[in-house]
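Just add 29 to the spot in the sequence shown (first one is 1) and you have this note's numbering.
Keep in mind the hints are simulated off the structure, nothing from the lab. Wrong hints could be hidden among the right ones.
Claimed, not checked - Between beta-carbon pairs, the in silico distance windows are:
no.: 1; residue 1: Gly668; residue 2: Tyr511; range: 21 to 31 Å
no.: 2; residue 1: Gly379; residue 2: Leu57; range: 27 to 37 Å
no.: 3; residue 1: Met233; residue 2: Glu500; range: 53 to 63 Å
Think of the CB as a built atom: it goes at the ideal place given N, C-alpha and C, for glycine as much as any other residue.
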Amino acid sequence: MKPKPPAPRNSPSDGLPRARLWLFRLVLLLSPVALFLVVEVALRLAGLGGYPPLMRRVGPVEGGTLILADQAGAISWFFANRHRPGYNDQYAFVDPKPTNTFRVFLLGESALKGYPQPRHLASSAFLQAMLQDVWPERRIEVINLGTTAVASYPVRGMLEEALNYAPDLVIIHTGHNEFYGTYGVASVGRAGSHPVMLRLTRWMHSLALVQGVVRLLEPGSAELNRSLMELMVGQDFVAPEDPRRAAAARNLHHNLSAMLAACRERKVPAVVCTMPSNERDLAPVGKMPPATAGSRNAREHFERGRGWYAEGKLAEALAEFIAARDLDTMPWRATSAAQAAIRRAAAEQGGVVCDLEAAFRAASPGGSIGWELMDDHVHPTLRGQALMAEQFVAAMTNLTGAARLESAALARVRPWTDYARELGDNPFDRYGVAFQMRVLFEVPFMRESNPAGFARFNALVTEFEAHTDPEFLPVLREWQTYRPHAGAKRPLSGMIARVLLRQRKFAEALELYEIAARAVPEYTSWHMEYVYFALAAREKLNGQLTEADRERARREIEQGRLLLSRGFSETGFAERYLGRLHQLRGEFAEAIPYLNVSRQKLGGMDLVAADQALIVSYLRTGRTNEALRLAEHGAANAGQFAPLYRQMLNELRGGGAAMREP
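Please model the entire structure based on the sequences and the hints provided.
In C-alpha cells form, the structure reads like this:
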C-alpha cells in the first residue's frame, strides 16, 4: 500500500466556507475604496471638493433673487494654475427674469470679456446700448461671462449654468485658446487631446482628495512673477505636423456642437462667432523651425506677406498672413482649422454664424487685420469692440422668434463714436490700455518677435505722460504698481477724479466718477465709493442733491446692506461708504453704526477719513463729547496722522463749524 502524500500546509482560507471566503476577498478588495471614501468625506467636511457655481444666489431683492456671476466659479477651472487663474467680470441680475426684459448671455474668452478695454467699453456695453436704441420698449440686459485664458470646454460648462437663467439669446465667442487656455490641448498634457479625457480630468479634480494633494504640492513662489505666456513659450513648441493641432480643432468642434445642441434643446437662439486676429501687424511669436525644401516657416510667410502688402498685392498678402498665423509654433490665434470647426458646428447644429473675421477684414485697410482693430494678437481695440457689437446686432437679423431683429431696425443703430462717448471713452482709460499693452510687449519674447509693438505703445504712454497735468503723474505711477484684484485694476478714471476733486474742478471730477462707477460691478464697495463721490461732486456743483440723487443714494445703500448681510465685507470700505451715503441723504444718526464698524477694519488715511466722517455725524446728532473723545484719541495715538486729528480737535474746540462738511 502506497503511503499518502503529505498534506499541504494550511492556508488562511483553509476551513472557511465558500461564502465566507468570498466575503473575505470582497472585504480585501473594498478596503481601499472604503478608506478613500472616509478620507474623501473628511476632506469635504473640511471644505475641499466639488466646485463653486458660476452663478451664485445671493439673496432676496425687489422682484426676486439676486444672482451674481461669480469669479470663484470661473477660477475653479484653473486647477493647474491656481495662482494665475483667468477671471470673468461680476454681473448682477434677478431671477426670475423681470417682465419685458430681453436677456443676452455672452460666453467666451478674454477678447469677448473686453480686455484690455475697461468693462464699460467692452463689446457687451456697446451691444446693450445699441439694442436699447433698437428696442426702446424693452429692458435690455447683457451679461458678459467672457473669461480670460479659457479654452472651449470651460466655456461649455459656463453655458450649461447660464441656460438655467432664461436667456433670450446666447452669443458664443471661443477658439483662440484651444492650445494654451485652461483645458486646452497643450495645457493638460495628453488629457487635453480628447473630449472624454477633458470630462474625466474635470471630474478627477472635483475630488477633495485630489484638491488636497494639489494644495500640498503647489509650486513655490519663484514662478509667480512670470506670466503664463512666458512659462509656455519657454517650454512648448507646436510644430506644423504636431497632432495637437488636429486635436484642438476637433475639441473646438465637439464643444461648440454640444453648446449649440444644448441651446436648441432649450429653444434658446444662439449665435457663434468666427475669431478675428491681428494678421498684418503681429509677427509669429513662436520659435521658428528651419524652413525645408519647398516650404517656408511662419516668419518667412509673414515677411513675404508684408512685401506683397507694400506692393499693393492684397489678396496675395492676406494668403501669406494666414499661412504665417496657421504655422506659428505658439498658436495663440485661432487657425484656419479652428475657423472651419466653428462653421461646421454651426451648420450641423443650426446656429447662426457671426462672421467677425470677415467683418474685421472688411473694415481694415487692404483687407487684412492690423493695429486699427487689434491692440495685440487677438484683443480688439475700442473700435474693434464696437465693431463686434455691430456685428452681433446684424447677426440677429438671421434669427427667428422674439430674438429676431428686422433689418429696418438696424437704421436705429447710431455711429459707434456716439456710443463710445456716452459709455465713457476718455484719455485716461486710453492711457491705461496703452500701458497694459506696453507691459505685454516688454515681455522678452514678445519684444524680440514684435519690437514694433513695444515701440508703438511706449510712444503712446510717453506722449501722454509728457503732456498731462503734473499732479496726475504720481497717480499714474501709483496705478501702475497695483496688482489686478479679481481680474481688474482700480479704475484710473476714479483715481484721477479724486485729484480733480481736490482741485475743486467738480464738473470734471463728476464726469470721471460716473465713468468709474460704470467701470466696476454693482454690489461692490468700489461701486459704492464711486457713486458716493459722484453724488458728492454733484452736490458741490448744485448746492444740494435732487430727489433723483437721493433716490440713487438710497438704492446704493440697499446694495451695501445686502453685501453686509451676506458677509461680503472684509476691508471696511462697504461700511465706510454706507455711512457716507447716509450722510449725503442727511441721515447722520443712521451713518454712525456703519462708520463705527468701518474704523475697526481701516487703517492709514482711510481710517482718518472715516473718523472725520464719524465726528461730523456725532456733531450733527448732538453727541459733541463723543466727537471730542474720538479726536483726542487720534491726536494721542495716530502716529504720523496725529497732526490731522489735532487739527480736527482744534476745530471742535473752536466751535466745530469747519467740521460740518463730510
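Tested hints:
Between Gly668 and Tyr511 the beta carbons are some 25 Å apart, a value that agrees with the proposed interval 21 to 31 Å. Under the hint 27 to 37 Å, the C-beta atoms of Gly379 and Leu57, about 54 Å apart, miss the expected range. Separated by about 55 Å at the C-beta atoms, Met233 and Glu500 satisfy the suggested range of 53 to 63 Å.
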